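Using the sequences and the accompanying hints, generate a full structural model.
Those protein sequences? They're chains B, C, L and S, same order as listed. Anchor point for the first sequence: position 93 equals 93 in the numbering used here, and the numbering is continuous, going up by one each time. Numbering-wise, the numbering used here comes out as the position in the second sequence, counting from 1, plus 135. Numbering-wise, the numbering used here comes out as the position in the third sequence, counting from 1, plus 270. Numbering-wise, the numbering used here comes out as the position in the fourth sequence, counting from 1, plus 405.
Read the hints as simulated data drawn from the structure, not as lab findings. Only a predicted model underlies this, so the values are computations on that prediction, with no experimental measurement involved. Glycine residues also receive a C-beta, built at the ideal position from the N, C-alpha and C atoms. Watch out, some of these pointers could steer you wrong.
Computed Cβ-Cβ distance ranges for the label pairs, DEER-style [stated by the list, open to error]:
#1 B:E99 - C:L270: 50 to 60 angstroms
#2 S:P529 - C:E234: 23 to 33 angstroms
#3 L:M271 - B:M1: 16 to 26 angstroms
#4 B:R103 - S:A531: 29 to 39 angstroms
#5 B:R119 - S:S491: 46 to 56 angstroms
#6 C:A261 - L:A403: 56 to 66 angstroms
#7 L:M271 - B:R103: 34 to 44 angstroms
#8 S:A446 - L:V372: 45 to 55 angstroms
#9 L:R334 - S:A531: 16 to 26 angstroms
Partner residues aside, some chain S positions facing chain L, computed with beta carbon under 7 angstroms [claimed, not checked]:
#10 Y418
#11 T421
#12 D422
#13 R423
#14 G425
#15 Y428
#16 F476
#17 A537
Take a look, some chain S residues computed to stay more than 10 angstroms from chain B by CB distance [to be verified]:
#18 R415
#19 A430
#20 N431
#21 E455
#22 A466
#23 G506
#24 A535
Protein chains: 4
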Amino acid sequence: MTNTHSIELRVRYAETDRMGVVYYANYLVWCEVGRVEFLRALGHSYAALEHQGTALAVAEATIRYVAPARFDDLVRITTTLTGVRSRAVTFDYLISHAESGVRLATAHTSLVSIDSGGRLSAIPPAFRSALAAVL
Amino acid sequence: MTNTHSIELRVRYAETDRMGVVYYANYLVWCEVGRVEFLRALGHSYAALEHQGTALAVAEATIRYVAPARFDDLVRITTTLTGVRSRAVTFDYLISHAESGVRLATAHTSLVSIDSGGRLSAIPPAFRSALAAVL
Amino acid sequence: MTNTHSIELRVRYAETDRMGVVYYANYLVWCEVGRVEFLRALGHSYAALEHQGTALAVAEATIRYVAPARFDDLVRITTTLTGVRSRAVTFDYLISHAESGVRLATAHTSLVSIDSGGRLSAIPPAFRSALAAVL
Amino acid sequence: MTNTHSIELRVRYAETDRMGVVYYANYLVWCEVGRVEFLRALGHSYAALEHQGTALAVAEATIRYVAPARFDDLVRITTTLTGVRSRAVTFDYLISHAESGVRLATAHTSLVSIDSGGRLSAIPPAFRSALAAVL
Numbered sequence: 001m002t003n004t005h006s007i008e009l010r011v012r013y014a015e016t017d018r019m020g021v022v023y024y025a026n027y028l029v030w031c032e033v034g035r036v037e038f039l040r041a042l043g044h045s046y047a048a049l050e051h052q053g054t055a056l057a058v059a060e061a062t063i064r065y066v067a068p069a070r071f072d073d074l075v076r077i078t079t080t081l082t083g084v085r086s087r088a089v090t091f092d093y094l095i096s097h098a099e100s101g102v103r104l105a106t107a108h109t110s111l112v113s114i115d116s117g118g119r120l121s122a123i124p125p126a127f128r129s130a131l132a133a134v135l
Numbered sequence: 136m137t138n139t140h141s142i143e144l145r146v147r148y149a150e151t152d153r154m155g156v157v158y159y160a161n162y163l164v165w166c167e168v169g170r171v172e173f174l175r176a177l178g179h180s181y182a183a184l185e186h187q188g189t190a191l192a193v194a195e196a197t198i199r200y201v202a203p204a205r206f207d208d209l210v211r212i213t214t215t216l217t218g219v220r221s222r223a224v225t226f227d228y229l230i231s232h233a234e235s236g237v238r239l240a241t242a243h244t245s246l247v248s249i250d251s252g253g254r255l256s257a258i259p260p261a262f263r264s265a266l267a268a269v270l
Numbered sequence: 271m272t273n274t275h276s277i278e279l280r281v282r283y284a285e286t287d288r289m290g291v292v293y294y295a296n297y298l299v300w301c302e303v304g305r306v307e308f309l310r311a312l313g314h315s316y317a318a319l320e321h322q323g324t325a326l327a328v329a330e331a332t333i334r335y336v337a338p339a340r341f342d343d344l345v346r347i348t349t350t351l352t353g354v355r356s357r358a359v360t361f362d363y364l365i366s367h368a369e370s371g372v373r374l375a376t377a378h379t380s381l382v383s384i385d386s387g388g389r390l391s392a393i394p395p396a397f398r399s400a401l402a403a404v405l
Numbered sequence: 406m407t408n409t410h411s412i413e414l415r416v417r418y419a420e421t422d423r424m425g426v427v428y429y430a431n432y433l434v435w436c437e438v439g440r441v442e443f444l445r446a447l448g449h450s451y452a453a454l455e456h457q458g459t460a461l462a463v464a465e466a467t468i469r470y471v472a473p474a475r476f477d478d479l480v481r482i483t484t485t486l487t488g489v490r491s492r493a494v495t496f497d498y499l500i501s502h503a504e505s506g507v508r509l510a511t512a513h514t515s516l517v518s519i520d521s522g523g524r525l526s527a528i529p530p531a532f533r534s535a536l537a538a539v540l
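Quick look at the structure:
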């Protein structure tokens with residue numbers, strides 16, 4: 001396992017808008033799917049992390065839209081862990097057309113670790129170590 | 136207050152799909168908005184009901200699509216309470232074009248009352264009385 | 271190929287609501303995904319059908335919610351073609367928990383064939399034959 | 406009319422996630438609603454603009470999440486036009502809790518003008534003049 005993990009997903013009809021392309025907010029949904037699968041590949045279920053009382057809340061997101069994704073396209077989400085601190089973690093994302101390789105969007109998110117009451121809290125040590133090990 | 140309450144909402148771009156019309160699942164979102172505003176008009180906040188430990192979970196939904204809603208249309212959601220029992224409540228919905236009155240869809244939902252553990256539970260008496268009073 | 275086709279999908283965080291379960295409208299999104307993959311398995315891309323000028327618009331949907339799906343669950347969507355006529359097609363859906371087999375929801379949709387202007391139109395013969403062949 | 410316009414909207418149940426707060430991608434939907442209403446206040450319907458063959462596609466979006474919005478909160482979206490060029494327009498957004506004034510998020514989007522074929526095209530003169538007049 002490196003700090004990069006890729007998944008593919010098929011564009012759903014529900015994700016398109018009347019412009020005939022994927023609605024811009026939905027790329028952030030894909031980033032979240034990429035992030036969850038990155039963590040699973042690392043051996044950590046995000047669902048289990050939340051059940052243990054820690055959530056990762058997005059503090060900032062930036063996305064650049066390069067070319068549109070369309071219904072039924074197979075898109076690849078490449079998620080790269082770019083930083084880990086005591087209470088924060090950052091990821092970059094590359095969204096591309098799986099067959100042609102054409103770049104569709106790039107994104108970046110910063111997440112902070114919070115407890116079940118919504119307060120900033122330290123990332124659990126085992127989880128933080130697993131992240132740091134692939135950086 | 137009768138057993139019927141209407142609201143209007145503006146169709147969002149996000150709610151459309153590549154067919155150029157509102158995606159079919161989104162009408163159920165509007166029914167939920169209509170339901171919440173029906174309860175507010177009755178003097179009961181659904182958010183408060185949940186904070187007190189009771190949720191209304193949809194057990195069944197039926198929707199008939201008559202004519203498409205489009206981006207920027209002003210649509211009217213008319214919500215009608217059709218039944219109240221100890222642990223269930225039913226609503227009908229008429230979704231129409233606010234300006235022309237054209238019927239866009241009709242829907243029906245059955246909801247059951249559950250506690251915070253997801254178990255069937257009695258609708259709180261004050262809430263049930265308020266519903267029954269307008270039937 | 272029979273008249274039934276199954277796919278699996280992983281519940282996204284975006285699909286949940288504050289009740290901690292999948293929001294009720296999102297099951298209709300999954301039905302659409304199941305329907306599109308049913309057609310692909312049959313050798314017909316729904317995207318291609320639309321490019322050729324025919325769309326299938328949902329005229330009616332009914333869904334019964336039996337048990338909640340939760341974040342990160344692997345769910346199975348089993349789509350069954352139940353009828354084909356000159357301008358209409360019907361499907362049933364069973365949504366179940368992929369690992370336990372627990373039934374989460376059942377649904378039914380009726381779709382009508384429309385042209386690019388939104389008028390009722392005959393289902394293209396090759397497409398209708400392919401559907402009829404597995405009924 | 407200045408370069409700033411505010412609207413209020415009620416948080417929908419559908420917009421929340423299992424963390425009990427509004428799902429992060431949905432703030433971009435609200436930005437779009439704010440943008441459309443800004444244009445309407447300026448005397449220009451975005452729907453009409455699209456019918457005339459020009460669309461505004463988001464090229465970049467940045468959002469900072471400060472505090473969570475919750476179900477049934479009344480939120481205010483304040484949209485500010487920050488720049489207009491021949492083929493691009495930029496907006497800033499402030500999302501706040503309507504009653505308390507608490508800042509929930511800030512965002513920025515850059516949009517480019519495209520024709521119905523998806524190619525970069527000049528913003529129609531009347532529309533550009535209306536935008537420039539309030540800057």
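Each hint, compared with the structure:
no.: 1; hint: B:E99 - C:L270: 50 to 60 angstroms; in the structure: 57 angstroms, holds
no.: 2; hint: S:P529 - C:E234: 23 to 33 angstroms; in the structure: 26 angstroms, holds
no.: 3; hint: L:M271 - B:M1: 16 to 26 angstroms; in the structure: 38 angstroms, violated
no.: 4; hint: B:R103 - S:A531: 29 to 39 angstroms; in the structure: 35 angstroms, holds
no.: 5; hint: B:R119 - S:S491: 46 to 56 angstroms; in the structure: 48 angstroms, holds
no.: 6; hint: C:A261 - L:A403: 56 to 66 angstroms; in the structure: 58 angstroms, holds
no.: 7; hint: L:M271 - B:R103: 34 to 44 angstroms; in the structure: 36 angstroms, holds
no.: 8; hint: S:A446 - L:V372: 45 to 55 angstroms; in the structure: 51 angstroms, holds
no.: 9; hint: L:R334 - S:A531: 16 to 26 angstroms; in the structure: 52 angstroms, violated
no.: 10; hint: Y418; in the structure: 6 angstroms, holds
no.: 11; hint: T421; in the structure: 4 angstroms, holds
no.: 12; hint: D422; in the structure: 5 angstroms, holds
no.: 13; hint: R423; in the structure: 4 angstroms, holds
no.: 14; hint: G425; in the structure: 5 angstroms, holds
no.: 15; hint: Y428; in the structure: 5 angstroms, holds
no.: 16; hint: F476; in the structure: 6 angstroms, holds
no.: 17; hint: A537; in the structure: 37 angstroms, violated
no.: 18; hint: R415; in the structure: 19 angstroms, holds
no.: 19; hint: A430; in the structure: 4 angstroms, violated
no.: 20; hint: N431; in the structure: 7 angstroms, violated
no.: 21; hint: E455; in the structure: 8 angstroms, violated
no.: 22; hint: A466; in the structure: 5 angstroms, violated
no.: 23; hint: G506; in the structure: 19 angstroms, holds
no.: 24; hint: A535; in the structure: 22 angstroms, holds
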